Structures are given as C-alpha cells and as structure tokens.
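Asker: These are the residues of each chain, in order.
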Amino acid sequence: MSSTPSPHALTLADAAALIAARRLSPVELLRDCLDRVAALDPRLNAVVRLLAGGAMRDARAAEAEIARPGGGPRSPLHGIPVGIKDIIDLAGEPTTCHSKLCLDRVAAADAAVVARLRAAGAVFPAKLATHEFAIGGPCFDLPFPPARNPWNPAHHPGGSSSGSGAAVAARMMPAALGTDTGGSVRHPATHSGLVGLKPTYGLVSRRGVFPLAFTLDHVGPMARTVRDCALLLGAMAGPDAADPGSAMRPPEDYARDLHLGLRGLRVGYVRHFHERDTPATPEVAAALDEAARVLAAEGAEVRDVALPPLGEFAAVNRVILSGEAAAVHEPWLRERPGDYAGLTRRRLLPGMLLSAVDYVQAQRRRAELVAAVEEAFREVDLLFCASSMDPACRIDDPDEVDRTYPRQARTPFNVTGHPAVSVMCGVSRAEGLPLGLQLVAPAFAEATLLRAAAGYERAAPWREMAPAL
Amino acid sequence: MPDDGTATEEALAEAAGLRLAWNRHRADMLDAIRRMDALRGSFARPADPAAEPSPPYALPTRAEREGRR
Chain U
1 MSSTPSPHAL TLADAAALIA ARRLSPVELL RDCLDRVAAL DPRLNAVVRL LAGGAMRDAR
61 AAEAEIARPG GGPRSPLHGI PVGIKDIIDL AGEPTTCHSK LCLDRVAAAD AAVVARLRAA
121 GAVFPAKLAT HEFAIGGPCF DLPFPPARNP WNPAHHPGGS SSGSGAAVAA RMMPAALGTD
181 TGGSVRHPAT HSGLVGLKPT YGLVSRRGVF PLAFTLDHVG PMARTVRDCA LLLGAMAGPD
241 AADPGSAMRP PEDYARDLHL GLRGLRVGYV RHFHERDTPA TPEVAAALDE AARVLAAEGA
301 EVRDVALPPL GEFAAVNRVI LSGEAAAVHE PWLRERPGDY AGLTRRRLLP GMLLSAVDYV
361 QAQRRRAELV AAVEEAFREV DLLFCASSMD PACRIDDPDE VDRTYPRQAR TPFNVTGHPA
421 VSVMCGVSRA EGLPLGLQLV APAFAEATLL RAAAGYERAA PWREMAPAL
Chain S
1 MPDDGTATEE ALAEAAGLRL AWNRHRADML DAIRRMDALR GSFARPADPA AEPSPPYALP
61 TRAEREGRR
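Quick note, the sequences are listed as chains U and S, same order.
For the first sequence, counting from 1, position 335 maps to 335 in full-length UniProt numbering; every step adds exactly one.
For the second sequence, counting from 1, position 29 maps to 29 in full-length UniProt numbering; every step adds exactly one.
Because the hints were derived from the structure by calculation, they are not lab data.
Keep in mind it's a predicted model, so treat the numbers as computed, not measured.
Cβ atoms here follow ideal geometry from the backbone N, Cα and C, with glycine treated the same way.
Possibly wrong hints are sitting among the right ones.
Unchecked claim - What follows is a list of derived Cβ distance ranges for each label pair: (1) Arg45/S with Arg334/U: 25 to 31 Å; (2) Glu464/U with Asp48/S: 14 to 20 Å; (3) Arg276/U with Ala47/S: 21 to 27 Å; (4) Asp37/S with Gly338/U: 20 to 26 Å; (5) Asp37/S with Asp397/U: 22 to 28 Å; (6) Ala44/S with Arg43/U: 43 to 49 Å; (7) Ala44/S with Phe140/U: 34 to 40 Å.
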C-alpha cells in the first residue's frame, strides 16, 4: 500500500475508496489522524481520552484483512477512525460523561451502536469531549476543559457533542458519533461547519449510551459530508430488542438516492421560527433565504409552511427533558450536588421540582405537536428551517452562552422524533464562523432527507471550506 | 425556617429531597425554582380532557400515514 499526501484531510468516503483500492492503509490513515490530534488538541480540547493503542491494533488487523488475497473491506467503514462522544460506552474504557461523578465508570461492553460500527470495521481512536452529561454548556469547573471551535478557538463549537464537532472539523478524524436530546448533534454541526444527522427516534439503538432523557435521546453521525453521514447511518441503524425505544426496522442504503438532487421535492420553509418566534441575526436570516433560493434553483418547490410556535416546542422539550433527566440524576442531586459543574447543576435541579402533572401535560401536548408536524408533511416532502439563530459566541462569556444557546430551532424535532440534518449554509462575516440550516423529513425518510441535503451541498459553495488551523 | 423570605423555597427544596443543595448551593436552588415556575405555564395544555400522550416511537411511516387518510 502506498501513502497519500494528507490522509487526515480525506472525507470518510474518499478514504474508504482509497482503502478499497489498496492505495491507503488504515494504519497510515490512523497514524496521520493521531499526529493531527497531537498537533491540534492542546488548543482545541476535543479529546478526553486517546485510545491510540487499541485503535492501532484494530487498524493493523483491518490492514491485514483488507490486504489478504481475495480479501477487501467489509464495508466503507473498514479501517475508518470514528470518534466517540464520551457518554457512549466502549468496552473496557471509562465513560466519564465529562464528569467528576463518572471518572471511574468503566464500560463492561460496547454500546450497541459501537458494536455495529466495530462489526463494520471502524476503529475508535478517542473518547471525545461533551458538555457534562450532555446538558448545559461549556464549563471550566470540570475534570476536562471544554472543547473549542476549530474555526476560532475563542468561540464554543456548539454542544453537547462538542468534542465530536471540534475533532471532525479540525480533521483529527473523518467522523464521530454524537447524541441529540435537544439538538446536541446538530448544534455542533452547525457551529463547526459539519453535517450532523439526528435520525428518526428509534432508528439507532441507545443501549449503552448514558441517558439524558429517554424519550428524547437520539444517537447520530457527524461528518464533513452528507455522503459520509449516510454511510455511517447505514452501519449504525437497525433494531435492538434491548432498547425499549427501538423501531425494529432494518437498516437501508441511505446513500442510494444522493445523486437524485432536489428536483421534484416539495420543501416547506418554516420561516416563522427565525423571523417571528425567535428572530435570527440578519446574517443568519439572509443565509437561510439564500439557501431557500438555492433549493428552488436546484428544482425543489419551496413554499412557506406554518407550525406551532417555536416556544411551544422548546417548553415541551424542556419539561420532558428536565423530568426524565432528574429521574436519572436524583441520587447524585440529593447526595453529591457539589460534584457537578455549577452550570450542569443549575440545568438539572429544576427537574427535581417538577410535578407529575406538569410532565404528563408536556407529553400530552407533545402528541399534539407531533400531529401538527405530521399534518405539514401531508403537503410537503421536507421541512426547511433555521438551526441556530446566532453564530457561536465566545466560550468564555457565560452570559452570552446562556442567552444564545436556547435561540435555536432544533428541539422541535426531538419532541416529534422526526429525522433532521444540519448542513453548513454560510459564514459569519465578523467572526468567520460557520452558519447552518436544517432539513427535516417524515419518520424513517432518511434517504430522502439525505438526498435533499446532498443536493444542497453540491449546489452551495460551503463544503470546500475548512478552518484555518 | 429562615427569616429571609425564602421559607416557601426551602420547603420546596426539602420536599424534593434537596436539603444538601439548599444548604450548599442556595442560589442554584432559587434559580431552579424560578425556572420551573416559568416553565409550567409556557406551553398550552390540550383542550381535550381525553388527549393521551403518544411515545415518539409511535411515529408513522409515510405509507402508514397515507393509509390512515
């Protein structure tokens, strides 16, 4: 096998093609990624635990299997380094949840999603930073520092899958797993200039993932391109009898329609989310309008669609999340409240004061919100809306973090369970930080969702942009 | 009970089993009570008394949705 100039700079699909052609070794790829981690992570703090030894052992095994006469890659993920958000179990390694409370919590087995990726041949070079227990925001009073934005390390990279966003954007690894309960895959994808997919609730098993809120939690892929996310999802999805929320649906080839483009798709623009409900900055609003123009120019029929106000979705998400998270954290909140970061404690304590009636009312309202989104899908194939209403703020400005984090339109699709993807749609002029949009599809229509996202990605100029590191 | 006007809040913290948090993180507890009060009225309650919750994994596929029409 011969070397390539900069393997770490390859997308997952490009690396997979070179590996399949035996022009790139998984060992070379991993070594280059590990060099990249060594060079950049001291500035970005994306990695909580480097797993170089185990990953190199697996990469060597992949290299041997692929090089064997008559051999070849098991899947497009064979020999591909995939980072793991540190609330997802990797057998024999601690799942710290970025918290003092879990520093010694060693996983006995792989999470279901890790087991699936391992079977597909992926290697796991690192456990990645997260907001503590996947809630809150960047904190400086935890055992590990917060991940920073590769486009501008003075700013946050989005969260809670913050390390996943920072590591992939910095080209430390071509892909990573995140989790999404109120937008935590799509938030770092938006702010780090990546593609982040929250699949339909139940499509990807949550077994072995530390829960934040059982009925809102999703596991999703983060990568640099739509195709990479489609390839990852194909390996991640599938039924799991041990996950009570599993949809019991077989995985599909989610990349099968990526070439079809946008022609003929009906796209509903949920303009009121960012124009009336939670007004976006003029720059974000302009980027969304320009993206709508691109969708139409590529052949989509774009029309305005109205959903219930964004605040309704956000409040229902917050009540359900608070109640379910408090159930998970109750013993620690009662006995060890001082062992959380201050911000995490402030996010978790309200759920302890919630009444059963409030929680059930939120679940009842949720059913109405699901019905409202389902009604919209009678008229359109996809929804299009904002992700964040602002570019990422400075990481050391807690007031601005507190103000801007909730100014987003991602929680609606945790409440409803519909699949949603964030794709880059611009760059802020002042800070040079990525902006993102969201596309949303009916349940289990990931192939159509990714088809549309790929059509936009091809037509827009953003995919070629990278942080200057 | 304290005489700083927080007797109600202290009772709420006590009822929730959060005595330690009340003693050591008083500002966070008061903030939590304020946030939860604000959240309670922040979404519409279903008008139909028989409206039931529906888990997200009950989401229909497109074919199922169209079959229901």
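Asker: Range hint 21 to 27 Å: satisfied by the CB atoms of arginine 276/U and alanine 47/S?
Answerer: holds, 24 Å
Asker: That 25 to 31 Å hint for arginine 45/S and arginine 334/U (C-beta), does it hold up?
Answerer: For arginine 334/U against arginine 45/S, whose Cβ atoms are near 30 Å apart, the range 25 to 31 Å holds.
Asker: For aspartate 37/S and aspartate 397/U, compare the CB-CB distance with the range 22 to 28 Å and indicate the outcome.
Answerer: holds, 27 Å
Asker: Indicate whether the distance between the beta carbons of alanine 44/S and arginine 43/U respects the range 43 to 49 Å.
Answerer: holds, 46 Å
Asker: Could one say that the CB atoms of glutamate 464/U and aspartate 48/S fall in the range 14 to 20 Å?
Answerer: Between glutamate 464/U and aspartate 48/S, where Cβ atoms are some 51 Å apart, the hint is violated.
Asker: Determine whether the Cβ-Cβ distance between aspartate 37/S and glycine 338/U falls within the hinted range of 20 to 26 Å.
Answerer: holds, 24 Å
Asker: Taking 34 to 40 Å as the stated bounds, is the beta-carbon spacing between alanine 44/S and phenylalanine 140/U within them?
Answerer: Once the Cβ atoms are compared, 38 Å apart, the range 34 to 40 Å for phenylalanine 140/U and alanine 44/S holds.
Violated hint for the displayed structure: number 2, the only one.
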